[in-house]
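Novice: So the sequences go chain by chain: A, B and C. Heads up, the first sequence is in numbering that gives the first Met the number 0, so the first residue is 0 and it goes up one at a time. Heads up, the second sequence is in numbering that gives the first Met the number 0, so the first residue is 0 and it goes up one at a time. Heads up, the third sequence is in numbering that gives the first Met the number 0, so the first residue is 0 and it goes up one at a time.
Worth double-checking, as some hints may not be accurate.
[Claimed, not checked] Using 25 Å as the maximum straight-line C-alpha spacing, the simulated DSS-like pairs for lysine-lysine come out as follows:
1. Lys38/B <-> Lys21/C
2. Lys125/A <-> Lys94/C
3. Lys108/A <-> Lys135/A
4. Lys103/A <-> Lys125/A
5. Lys172/C <-> Lys12/A
6. Lys95/B <-> Lys5/C
7. Lys20/C <-> Lys18/B
8. Lys104/A <-> Lys125/A
9. Lys149/A <-> Lys37/B
10. Lys119/B <-> Lys38/B
11. Lys12/A <-> Lys227/C
12. Lys177/A <-> Lys94/C
13. Lys177/A <-> Lys163/A
[Stated by the list, open to error] Facing chain C, a subset of chain A residues (Cβ under 10 Å, in silico):
14. Ile57
15. Glu85
16. Glu226
By construction, these hints were calculated from the structure, which means they are not laboratory data. The beta-carbon is built from N, C-alpha and C at its ideal position, and this holds for glycine as well.
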Amino acid sequence: MNLTVDRITKQYKNKLAVDRISFRLSEGVTGLLGANGAGKTTLMRMMSGILEPTSGEIAVDGIPVQSEEYRALLGYLPQDFGYYPEFSAREFVLYIAALKGIEKKKARKKTEELLEVVGLSEVAGKKIRTFSGGMKQRVGIAQALVNDPKILILDEPTAGLDPKERVRFRNLIAEIGKDTIVLFSTHIVSDIEHIANNVLMMKEGQLIHEGAWSEDKGDLEKFYMEEFE
Amino acid sequence: MDLEEAYDKIYRYVYFRMKNQAIAEDITQETFLRFIGKKGNIHVYDMRYLYTIARNLCIDEYRRPKAEALPEDYDSSMQTSDLPEERMAVRDALAKLSPEDQEILLLRHVNNEPVGTVCKALGISRFALYRRLKSAEDSFRSSLEVETDEK
Amino acid sequence: MKNEWKDMLNDAFYAPEAVKKKEFLRSIRQREMSSFEMIWQQAAYIRIHVWIFAVMIIAFAVFGAATGLGSTQHIIAMIMPFTASFSVIEAQRSKWCGMTELEMATRFSLRSVVLARMTILGAVTFVVLCVISPVISVAFDQGAVLTAVRILIPYLVTMIISLEAERSVIGRKTGYCPLMIAAVVSVFIYWMAGFETRMLLRYLDILESWGILIALGLLALTFAEQWKTINNVEAFA
Chain A
0 MNLTVDRITK QYKNKLAVDR ISFRLSEGVT GLLGANGAGK TTLMRMMSGI LEPTSGEIAV
60 DGIPVQSEEY RALLGYLPQD FGYYPEFSAR EFVLYIAALK GIEKKKARKK TEELLEVVGL
120 SEVAGKKIRT FSGGMKQRVG IAQALVNDPK ILILDEPTAG LDPKERVRFR NLIAEIGKDT
180 IVLFSTHIVS DIEHIANNVL MMKEGQLIHE GAWSEDKGDL EKFYMEEFE
Chain B
0 MDLEEAYDKI YRYVYFRMKN QAIAEDITQE TFLRFIGKKG NIHVYDMRYL YTIARNLCID
60 EYRRPKAEAL PEDYDSSMQT SDLPEERMAV RDALAKLSPE DQEILLLRHV NNEPVGTVCK
120 ALGISRFALY RRLKSAEDSF RSSLEVETDE K
Chain C
0 MKNEWKDMLN DAFYAPEAVK KKEFLRSIRQ REMSSFEMIW QQAAYIRIHV WIFAVMIIAF
60 AVFGAATGLG STQHIIAMIM PFTASFSVIE AQRSKWCGMT ELEMATRFSL RSVVLARMTI
120 LGAVTFVVLC VISPVISVAF DQGAVLTAVR ILIPYLVTMI ISLEAERSVI GRKTGYCPLM
180 IAAVVSVFIY WMAGFETRML LRYLDILESW GILIALGLLA LTFAEQWKTI NNVEAFA
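Next comes chain A alone, as it looks inside the complex (with noise of 0.2 Å):
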């Protein structure tokens, strides 16, 4: 599949946020590289469907972001996100597969396989509030996927895990962009490094690098270091 971004700009009163940005992407793992404030955020909103950029168009294999086929193909995890206080970590996995319109039966089996694969089989009955940060953002990532999407937008999905529970992360991220559309932002240049086949960077709304990143260009940490610090 090819997601494609065609000149996105979102204008806020009298801030780009994001400027006259193309770009597309197929099935494998990008990483989105920029300061705070960047507009990582703003564009991946746009990407999910959830903002509505001032001009330009996205679209992947034709289907338009606006549309409920995009939205079926598409797993998100925003940067910052709530949860109604009753619910578990189940009932919010089957919470938002319901939403994702996916049938009872189905819904329940594929939620109980990503709590195991994000590690939280043994805590699935217990209150999201009692949660630690590094395991609410693991509820967020399983509920991400919970309807096997073909385009996954993680916003800064690694923030709040320890250590350990990124290296877990990368690997099913990896795993996961064999055949999926993966973007996913950071500022930490470690967290893609080894496992995206393409890099952007984005520095005030614009975006300064595309594509992937070989050794002969140097250091991406130290490029990164150079452009942002």
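For chain A, the structure is supplied; the task is to place chains B and C on it using the hints.
Specialist: Okay, now just chains B and C, sitting in the frame of chain A:
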């Protein structure tokens, strides 16, 4: 009616107009995507609207300057001569009709679309449709008679 | 005869096999769940106190009717605004729990979530109204329609103001705006019934002759407000 059936109908219609498998399929898919782009989903689709989109796309395709010569990948299945005589006769008879008449017969009798849908797809009134349908059926029948006599 | 040449036509309009059909149709997958099932599922996520509240109103109406408690109707008219505010709060819960982004990115999307909840909550109120109006009307020997209208109007008024307020700047910041509005409407009814009997009688007079029209007008307004809310719900950013 399910989506697959809708796909088949639109595809058959577009193929009739374009006579090329690959182009027909591209246009069929483009038709559905345009519909989704407009309505947000394909859950409730409207055949009338789908035909209208398909028809316009076909017209656009005709107008587009052709990069490669079309006849090369022209599908020859319509002219296959090793078909039984009777079926050949039908095809020849059909070919003698005007494209407009063929179009009406296809929509109404092959795709079995209700009168309202055909009217909307072709942009004509019910009255005009009945008249043209009648004349298309008549010319088809007489053309068929001539063909069968010849054979 | 007719069928025969239809078959011939079918054959003549032969089109070669479409090769990319299956793949394409899968990419525009259809839902596994109908909209009706979706509403049904949302019902399971409505908090229990909404249901308890509805049952309590019915229980109270029956109790009041059985014991001949004269102020039954007033008390119910005073409670109804709270039903309205609970409905508004419940339907807008995504916002207060930070679930909007997640719900917007799902297939059904936030719009349909809010729509489904509003439908369910509206239906609950309708059922409550259908049960208590005849009960009260029989017990206190009053027209069923007048009874229904007296109960419904405070509910609708609260609903309209709350929905309007929810979309305003104030509503976006305070979660309990609808509750305050309900309290004001409720106090107003209390005041009218307890101290301004002349005004109450006049109100009842008006209801007697215009009640249905007023209720229908308010109902139309409520639907308009709901519609605006639905369309506004995804445009918060």
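Novice: Take a quick look at whether lysine 177/A and lysine 163/A sit within 25 Å of each other, Cα to Cα.
Specialist: holds (22 Å)
Novice: Using Cβ atoms only, decide whether glutamate 85/A comes closer than 10 Å to chain C, and label the hint accordingly.
Specialist: At about 8 Å, which falls below the 10 Å cut-off, the nearest Cβ of chain C leaves the hint on glutamate 85/A intact, so it holds.
Novice: Can you verify the interface hint for isoleucine 57/A: is its Cβ closer than 10 Å to any Cβ in chain C?
Specialist: violated (13 Å)
Novice: Would the pair lysine 125/A and lysine 94/C pass a check requiring their Cα atoms to be no farther apart than 25 Å?
Specialist: holds (23 Å)
Novice: Given the hint that lysine 104/A pairs with lysine 125/A, test it: the Cα-Cα distance must not exceed 25 Å.
Specialist: It holds: about 21 Å lies between the C-alpha atoms, which stays within 25 Å.
Novice: Taking 25 Å as the top limit, are the C-alpha atoms of lysine 12/A and lysine 227/C close enough?
Specialist: holds (24 Å)
Novice: Are the Cα positions of lysine 149/A and lysine 37/B separated by 25 Å at most?
Specialist: At roughly 22 Å apart (the allowed maximum being 25 Å), lysine 37/B and lysine 149/A satisfy the hint.
Novice: Are lysine 103/A and lysine 125/A close enough, with their CA atoms no more than 25 Å apart?
Specialist: It holds: about 21 Å lies between the C-alpha atoms, which stays within 25 Å.
Novice: Holds or violated: lysine 95/B with lysine 5/C, Cα cutoff 25 Å?
Specialist: Judged against 25 Å, a Cα distance of about 17 Å means the pair holds.
Novice: For a C-alpha distance cap of 25 Å, please report whether lysine 172/C and lysine 12/A respect it.
Specialist: holds (21 Å)
Novice: Given the hint that lysine 38/B pairs with lysine 21/C, does the C-alpha gap stay at or below 25 Å?
Specialist: Given that 25 Å is the threshold and the Cα spacing comes to 22 Å, the pair holds.
Novice: Verify the interface restraint on glutamate 226/A: the C-beta must sit less than 10 Å from at least one C-beta of chain C.
Specialist: Where the cut-off is 10 Å and the nearest Cβ of chain C is about 28 Å from glutamate 226/A, the hint is violated.
The structure shown violates the earlier hints numbered 12, 14, 16.
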